[in-house]
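If you read the protein sequences in the order shown, they are chains B and Y. Under the working numbering, the first residue of the first sequence is numbered 1, with each subsequent residue one higher. Under the working numbering, the first residue of the second sequence is numbered 1001, with each subsequent residue one higher.
Watch out, some of these pointers could steer you wrong.
[Said to hold, decoys possible] Ranges between beta-carbon positions, derived for each pair:
1) Y/PHE1111 <-> B/ASP10: 34 to 42 Å
2) Y/GLY1290 <-> B/PRO145: 32 to 40 Å
3) B/ILE196 <-> Y/ARG1209: 32 to 40 Å
4) Y/MET1001 <-> B/PRO145: 17 to 25 Å
[Claimed, not checked] Stretch-level coverage of chain B by chain Y, calculated; a stretch enters the list once three of its residues show a Cβ under 8 Å from a Cβ in chain Y:
5) 63-75
6) 91-104
7) 108-121
Calculated directly from the structure, the hints in this document are not laboratory data. Built from N, CA and C at the ideal position, the CB exists for glycine as well.
Listed below, chain by chain, are the residues.
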Amino acid sequence: MSEVVLETRDLSRHFEGLAAVDGVSLSCRMSEVHAVIGPNGAGKSTLINLLSGDLRPSAGSVFLQGEDITGLSSQRISRLGVGRSYQRTNVFLPFTVFENCRLAAQSQLDTSMRFFRQALRYRAVSDAAMRVIEQVGLTRQADKPVETLSHGEQRQVEIAITLATAPSLLLLDEPLAGMGAEESVQIVELLRTLAIDHAILLVEHDMDAVFALANTLTVMVNGAVLESGEPQAVRSNRLVQFAYLGEHDFEPNRV
Amino acid sequence: MSTRARWIALFVGLTLLFAFPLIGDRFYVQFVSKILIMTIFAGSLNLLVGYTGLISLGHAAFFGFAGYILALYSPDTEAAGLLTSLLLSVGSAALLALLIGLLVLRTGGIFFIMATLAFAEMLFYLFHDTAIAGGSDGIYIYQRPVLMIGGWQPLDLANSAHFYYLALFFSLAAIACIHMLLRSPFGHVIVGIRVNEQRMRALGFDTYRYKLVCFVISGALAGLAGYLAASQFGVVNPETLGWHLSGSVLMMVILGGMGTLVGPVLGAFSLMMLEESFQSITKHWQLLTGAVIVLVALYLPRGFAGLLRKRADTDKLPPPGAGGSGTPAAAERPHV
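Using the sequences and the accompanying hints, generate a full structural model.
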């Protein structure tokens, strides 16, 4: 088996007594797509926020390549090679697609405390930006401000800037939400390619995509792990089916 | 405005500025020098307000402090060296900005505004209520700083034309410096912070450090302006640290156009020229100035710099009342 990139032990986060994430232990290996599904409010986004440093855990630990990164700030965790995308598009709307990705790629310079040479003259940074723009299929929109793009295209920018920081672990929070069918297919293909040399933790509602990509599937309900394992085994678990059936956002015919 | 028209405007503007001491009388040469100093001050604040998105209401602290350093450093009986005193003043302003920045940048939003105001007021009362540097009366600089190279003195700051060209030089240098900064990786980071600071952190940028460095650069430039202002009139008083001046310079930035390179220049010229002309008309000139500011805020949200935008930029915006504005009446009307 390949190396464990991410591991959590009894990770919890309480909001005024409510356990949004409750004792979650999971791991993600290199070249693995670990999908996390569950009804709305199950704590999937909170889990990602804990892993990315956007939120601090109330208890438990997070290990990255064996190092304890619990409680580090989001900028530190990002610099350790963790890239995350947001469920609600969180980019630089007035900037062009290119500048969004260029700025993200600029974080790969050892420092941006550089005051003299023009930012656009850093060829390696610009090239990296163009690469991720091509990967998500936005080359033709590269010079357009993101705020003028469609919702689906803005979702693609969200993924592009996450990739532009050259992470080894990807935390993707519903990357396909709001995308058209055609873009979805393209992004699923992209994730399949990325899975070769990345560890990917994927939160996603699109079950077709989840079962097409995941090597490991974890089902969360009320902040806790209900079931985790090989996707087909999890799918046939009765408890999982029961937990899902009452939920309005669940499409049982797809599972 | 087309690109060509903008180049012509720039050329005419610069020619006028360079030729002005040859044609203008002494009073106006001094007045324009004062405006040039304010363009540096407004430009420094624009770096915070317009580009980084940090609204400071205490920027006069650095302006006044640099002036005080010059006054305290200048001996009574002889002139201070220009280069030494300039470096000392600007360096002190930068150091003050570092100390204040370390604390105020821990806050954000309205608290940041209040914290900058509070620190500037503390400094104001320090100089106002204690005997340091003449208390509320201020302190005189009896001899202007001199620039000596060997035994040769190329600049006489008591000469209003000489001083004018020094102010013009520093104003242009400050603008060039800000321009360079904005195109650098650092400049792209601070604008990214204004647009979406949380995402900048998630991308791995230590935004606090970048804001701090920007605050220090801005404080140093404000210090340069304060140094020049003090050496122009040879007097420094607590008013140069006060919130009134901080408010004026913020007004210049807003009036001229936040986040644009020429905005602070237009703002400094327009506000000071308006004040000057209104003062000659009426005792209640501040009412008129206030009215102009309200009108600009209402009708020119991008400030005077908005008028200079390229035609193509404005064409991109949908004209008011055009189709697709989302009014039900427009939606129901059949397409003709």
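Comparing the hints with the structure gives:
Distance hint check for Y/PHE1111 and B/ASP10: the Cβ-Cβ separation is about 36 Å, which falls inside the suggested range of 34 to 42 Å. Take Y/GLY1290 and B/PRO145: their Cβ atoms lie about 35 Å apart, and the range 32 to 40 Å holds. Between B/ILE196 and Y/ARG1209, the C-beta spacing of about 35 Å keeps the proposed range 32 to 40 Å intact. Distance hint check: the CB atoms of Y/MET1001 and B/PRO145 are about 21 Å apart, consistent with the given range 17 to 25 Å.
Note: the segment 63-75 of chain B has 3 residues with beta-carbon separation from chain Y under 8 Å; the three-residue rule is met and the coverage holds. Residues of the segment 91-104 of chain B lying with their CB closer than 8 Å to a CB of chain Y number 9, which satisfies the three-residue condition for coverage. With 10 residues carrying a beta carbon less than 8 Å from a beta carbon of chain Y, the segment 108-121 of chain B meets the three-residue requirement, and the given coverage holds.
The structure shown violates none of the earlier numbered hints.
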